[in-house]
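Trainee: Next come the chains, spelled out residue by residue.
Protein chains: 2
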Amino acid sequence: MDKSIGVIDIGSNSVHLVVGEYHNNEYFHIIDDVKVNVRLCEGLSETGCLREDRMALGEQTLMMFKNMCDTYKLDKVIAVATAAVRKAKNGQVFVDLIKKTTGIEIEIIPGETEAAMDYLGAINTIDIRDALLMDIGGGSVEFVLIRDRKMADAVSLPFGSIDLTEKFGLEDVATPGKLQKLHAFLEEAFAGVELFEKARGLPVLGVGGTIRNIGRIHRRVVDYPLEIAHNYRMCEDEVAKICHMTAKMNLEERKNLKGLSKGRTDIFVGASQAVYKVMQTIFSPELIISDAGLRDGLIFKHFGNGPEDLVHNIFDNSLVNTMLNYDVNIPHAYHVYGLSVKLFEQLKSLHGIEEDVSRMMKTSAMLHDVGIKIQYSNHHEHSFYLILNSGLEGLLQKELLMSAFIALNHRTNKKVKVEAEYMTLLREEDKRLIDKLSLFLQIAEYLDRSMDGIVKDIDCDIKDDVVEMMVLTTTHSVFADMIISECGKKFKRVLGRELTIKNKVIAAV
Amino acid sequence: MDKSIGVIDIGSNSVHLVVGEYHNNEYFHIIDDVKVNVRLCEGLSETGCLREDRMALGEQTLMMFKNMCDTYKLDKVIAVATAAVRKAKNGQVFVDLIKKTTGIEIEIIPGETEAAMDYLGAINTIDIRDALLMDIGGGSVEFVLIRDRKMADAVSLPFGSIDLTEKFGLEDVATPGKLQKLHAFLEEAFAGVELFEKARGLPVLGVGGTIRNIGRIHRRVVDYPLEIAHNYRMCEDEVAKICHMTAKMNLEERKNLKGLSKGRTDIFVGASQAVYKVMQTIFSPELIISDAGLRDGLIFKHFGNGPEDLVHNIFDNSLVNTMLNYDVNIPHAYHVYGLSVKLFEQLKSLHGIEEDVSRMMKTSAMLHDVGIKIQYSNHHEHSFYLILNSGLEGLLQKELLMSAFIALNHRTNKKVKVEAEYMTLLREEDKRLIDKLSLFLQIAEYLDRSMDGIVKDIDCDIKDDVVEMMVLTTTHSVFADMIISECGKKFKRVLGRELTIKNKVIAAV
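For the protein sequence lines, the chains are A and B, in the order given.
All residue numbers for the first sequence refer to this note's numbering, where the first residue is 3 and numbers rise by one.
All residue numbers for the second sequence refer to this note's numbering, where the first residue is 3 and numbers rise by one.
Among the clues, some could well be false.
In silico contact screen, one side only, chain B against chain A (beta carbon under 8 Å); selected entries [stated by the list, open to error]:
{"id": "1", "residue": "F30"}
{"id": "2", "residue": "I32"}
{"id": "3", "residue": "I33"}
{"id": "4", "residue": "N69"}
{"id": "5", "residue": "H382"}
{"id": "6", "residue": "H384"}
{"id": "7", "residue": "Y387"}
{"id": "8", "residue": "M453"}
{"id": "9", "residue": "T477"}
{"id": "10", "residue": "H478"}
{"id": "11", "residue": "S479"}
The hints are simulated quantities; they were obtained by calculation from the structure and are not laboratory data.
Here the structure is a predicted model, which means the values were calculated and not measured.
Virtual Cβ for every residue (Gly too), placed ideally from N, Cα, C.
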């Protein structure tokens, strides 16, 4: 199997090169991502042809990409072209030109293939079973009906953000008249999409720059504390708010709007209106944004995760990838995870946690020491940063933030302090949860402080005032006194009991 | 050569195990660091012997350390004991006991060896030529006169923080009478130290927990924005302030003092007074804190950086180590660095920077992409975090912070924004410097955006209103338009000229 890959995506608005590799044959990591706003689509609707100047910029861009691929010594390069080249009468001329001057062989993919790759990118990185995937690009829009993680149906329509902008004159102010015409057009186009009927009530799984920008603008508006595009979720009202707000702005106002990309200020209104119109049409309650799409889908397919072989467990897969990236001591991480689960189970009557905290417990336990990669001192703070910023998949963003806080607090007795900025996302009961789960992690971590897995079992006996913990070890004893002195106060505060520890050394099996 | 090492340091106050390894045979990284407050020294001054309970805790601790060393499969374990074991009549009994129960062979090292190892740890990680090194531990204090990076002289005195506390009853309130007696004792002891005469006016290079705590308390008091112990610097007045303040506190107040470790509240006053007394005695203007000491010295010696083979260039050595740790694309980093230096040189008459910014330019250029290790998206922000927190050596802390800001700003046109918290360390002119240096880095980065080193040379022609930059490339052209659109505005703002770029493609040599 090839170990490094470059994916060139020749879109209607921009041309991308993404480079990724299996590091040490172990874990996958994106090491480069270049975008050039070539706007191949520009003027296409007038003449039906790619314009000379756009093709020239495309050629220069692909020349650079070719050099980059050579420099990276990639095992495999995949180049695909979507709507602009697909629709243009001279699309093949462009493909031939690029082949001649750069050697890159571009495959013009049909809309349905584009939809299928969008689906692969999203479904392998977001833990969802049923949704309507929507990818609106510069020159087309794709829809995939996802049922039980499978692609049940797909369709591609031949208009995108640039077409809508040009057709309805939406660069600057969208007058009520223009918007009305836009809506009428969209309603007619969407009326012909049969799969919408079966998508009624599903969340929209959104792919592409327009939708990422809707999310980013919203995060700025509500002062959202995290800057993570992937798996950001907005309810229908929130999407409506952003789409209405931006439609009322003129170009200058949009240029100054925080969260909206420079290269997208003029072509944003038509496409964002289309997103909202889809949500209305299928009565969708929620927009779930995927940062992964076509390019990621091509990478997944290449490395064996095609439609019949989806990533089985997105969360575990991502966790392992992250542990390998940062050289985590995996046996220790698993052992600490196992012990913290035992504590959680055995102390259930005291902590009373009912909700599903399994992913947060696993994330924080497996990655509690990940910050050592940065520097040993203050590594719990570095673990906080790395858990939040490493693109972990399979968790909600709130779960990710809480996991980071649990890991951060696994080395302190103090009550959880949450900076004001994060409180827009966390409530008081979340803080109490962090407090409890970080206590279990802290005790588990001390039980394996010798890193050698000597604690074979624990048995907590809950009395009226005290929890008597019996610890079975092989070889040597745990530091019962140290654990009590480091965690005893927190235990008492959080669970209302004293903690005592007895150690029994048993023969190793 | 062995690739992984464990260093066990049996001190008077605490017992440490540090584990480090050469990862992929390439770069050194500390992967574990455990401390147990064994307090072997406790009661020693009364009987001249290590107490049974202290030895038992020491034995349990070393049993755990032995298991850890086995689990890590270390190539080499070094165990040394310092003052407590050295001074105790039953020191050898303890060493024999440990050998018997754990197999660990402890070497009792004399004070002069301890001083020499402190010296190796500090001199290989802090870029300084002349200083008086001082390491005050629990049971002894070492001094090394450093001249031109060499160890010119060394001495060890047989008292430390625990001795001073016990001898003068300083656990709780230090009454004026107690302090007076302490000072008289210190004056007499220091009067006999001949090398102090030759150390007149030198900075004190401080090693050990007491001195690290002086620094940490000071950072809390002045709201210092970084949490970095190593190479933190305080002038004589600042040291005086912390030492006077803590001497007036009772034990309860010291327990609540931010920055002072829990395990050190009772033994802090005597030792910190000794530090200040030394500064007074030699008329030292400054305390430079080294986070590296004995244990690091032993590691350096083991891996070939002994007194005759010091790390030649601490800064470069640390930079390379960091690049390897995060899989930086090294050819690209070097190329960008070279181009930014060329821009700096050629635009000298416009930017007018006189001070030495060479280390900041190198750090920010070599590490501008380091954040890709975390995640490609927003990698400049991750680079900021990693530059600040990776323990880079050979720079002042302020240079480190500015380097992080230069890297952070290499992807934006905007004026440098510095969060209020950092402004205690940076002034307005520093922000202007960051603005200029990040501009050069940004242009250099775009010139090698294709990652393939095609730009062989640049030639900037400074006219009245414009800077005409001629770029010589091989193979393909640079994206002149993209560079202008991304950096032109910033160029104009920072240097007061328009930027134009001409590209000449020359044959590859």
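Trainee: Quick one: which hint numbers does this structure break? Sort them smallest to largest.
Mentor: Checked against the structure, the hints that fail are numbers 1 and 5, while the rest are satisfied.
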